[in-house]
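Participant: In short: position in the sequence shown from 1, add 2, done, that's this note's numbering.
In case anyone wonders, no lab produced these hints; they're calculated from the structure.
Hints are all accurate, no fakes.
Below, a list of computed lysine-lysine pairs in the BS3-like style, where the Cα atoms sit at most 27 Å apart: (1) Lys92 - Lys237; (2) Lys237 - Lys33; (3) Lys92 - Lys67; (4) Lys118 - Lys142.
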Amino acid sequence: MALLDINAKPFQAPAIIIPKRPSLDGLPNVKELFLPDAGWIFGDADLQQADAQVVAWEAGDASLKQIFLDPNLDLHTENAKTIFGSCPSKKHPNRKKAKAGVHSVNYNVFAKTLAKTLGCSVEEAQHFIDVWFKAHPLVKEWHRRIFNEMKGRKYIENKFGGRKQFYDTTDHGTALSEALAWIPQSTVAIVINKVWDYITDNADPRILRVCMQVHDSLCFNIKLGHLEEALYIIKKAFDSVVVPYDDPLVIGSSMAVGANWGHVEDISWDGYMIDDDTGHVTNERCIYMKAA
Numbered sequence: 003m004a005l006l007d008i009n010a011k012p013f014q015a016p017a018i019i020i021p022k023r024p025s026l027d028g029l030p031n032v033k034e035l036f037l038p039d040a041g042w043i044f045g046d047a048d049l050q051q052a053d054a055q056v057v058a059w060e061a062g063d064a065s066l067k068q069i070f071l072d073p074n075l076d077l078h079t080e081n082a083k084t085i086f087g088s089c090p091s092k093k094h095p096n097r098k099k100a101k102a103g104v105h106s107v108n109y110n111v112f113a114k115t116l117a118k119t120l121g122c123s124v125e126e127a128q129h130f131i132d133v134w135f136k137a138h139p140l141v142k143e144w145h146r147r148i149f150n151e152m153k154g155r156k157y158i159e160n161k162f163g164g165r166k167q168f169y170d171t172t173d174h175g176t177a178l179s180e181a182l183a184w185i186p187q188s189t190v191a192i193v194i195n196k197v198w199d200y201i202t203d204n205a206d207p208r209i210l211r212v213c214m215q216v217h218d219s220l221c222f223n224i225k226l227g228h229l230e231e232a233l234y235i236i237k238k239a240f241d242s243v244v245v246p247y248d249d250p251l252v253i254g255s256s257m258a259v260g261a262n263w264g265h266v267e268d269i270s271w272d273g274y275m276i277d278d279d280t281g282h283v284t285n286e287r288c289i290y291m292k293a294a
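When you get a sec, could you build the whole thing from the sequences and use the hints?
Facilitator: Right, here's the structure in full:
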């Protein structure tokens with residue numbers, strides 16, 4: 003029988019070294035690996051600020067709706083003005099903070115978590131939350147409605163009738179956040195799939211093919227020389243899907259084309275280039291429209 007040496011030093015496990023997450027700087031753009039077939043170009047169409055639009059319609063917030071309905075207004079710039087008092091341009095850091103912060107607050111983020119997201123103090127994060135809800139009290143009221151549905155009838159619904167059921171999971175800290183996020187995310191998923199169905203049913207596969215779906219976007223192979231025809235059917239597909247609120251919602255869409263997924267450029271639905279800095283349509287015709 004082995005004897006226990008009471009004078010032996012206690013065993014000390016070796017230190018576990020957790021490696022730092024490697025930097026992605028200098029790595030190739032993986033999207034460049036996604037190539038169209040020979041004689042085709044790559045297209046990427048997506049729903050514009052789709053989750054935020056669903057939140058605005060869920061809350062019935064007229065001022066947020068107006069931003070989406072006015073083509074001259076940019077959502078994140080306007081939100082930055084609300085939160086910080088000013089946002090001179092789309093490249094101003096206030097816009098980036100507003101984009102990340104408002105998205106989180108809409109889904110009931112806690113101040114401590116928001117502080118990490120924005121790189122600020124907890125007090126500053128709480129001020130951000132307070133200012134947003136003061137400007138948009140109907141968003142906070144939407145939170146209360148979803149909380150009551152989640153706790154009371156034990157399920158929530160999106161406007162297409164999709165349902166998320168809750169059992170004994172409504173008391174943990176992130177339950178409301180998960181419920182709030184599910185409504186826009188599930189709505190957007192249904193919208194993009196309806197768009198896909200429309201294209202499958204109506205597009206000529208000899209000139210337009212869906213190759214994959216990524217949350218709120220669809221990627222395409224577009225036959226070179228047929229971009230104008232493809233743009234027409236893609237735009238018609240996006241415009242055909244209506245989210246059935248009392249105030250019906252058609253979520254806006256945008257389009258980009260290029261030689262591969264990693265090198266697509268934004269274009270208007272009639273084939274003109276869009277300026278990266280201003281977001282405005284230029285007078286320059288897309289080269290693939292010229293090829294047509």
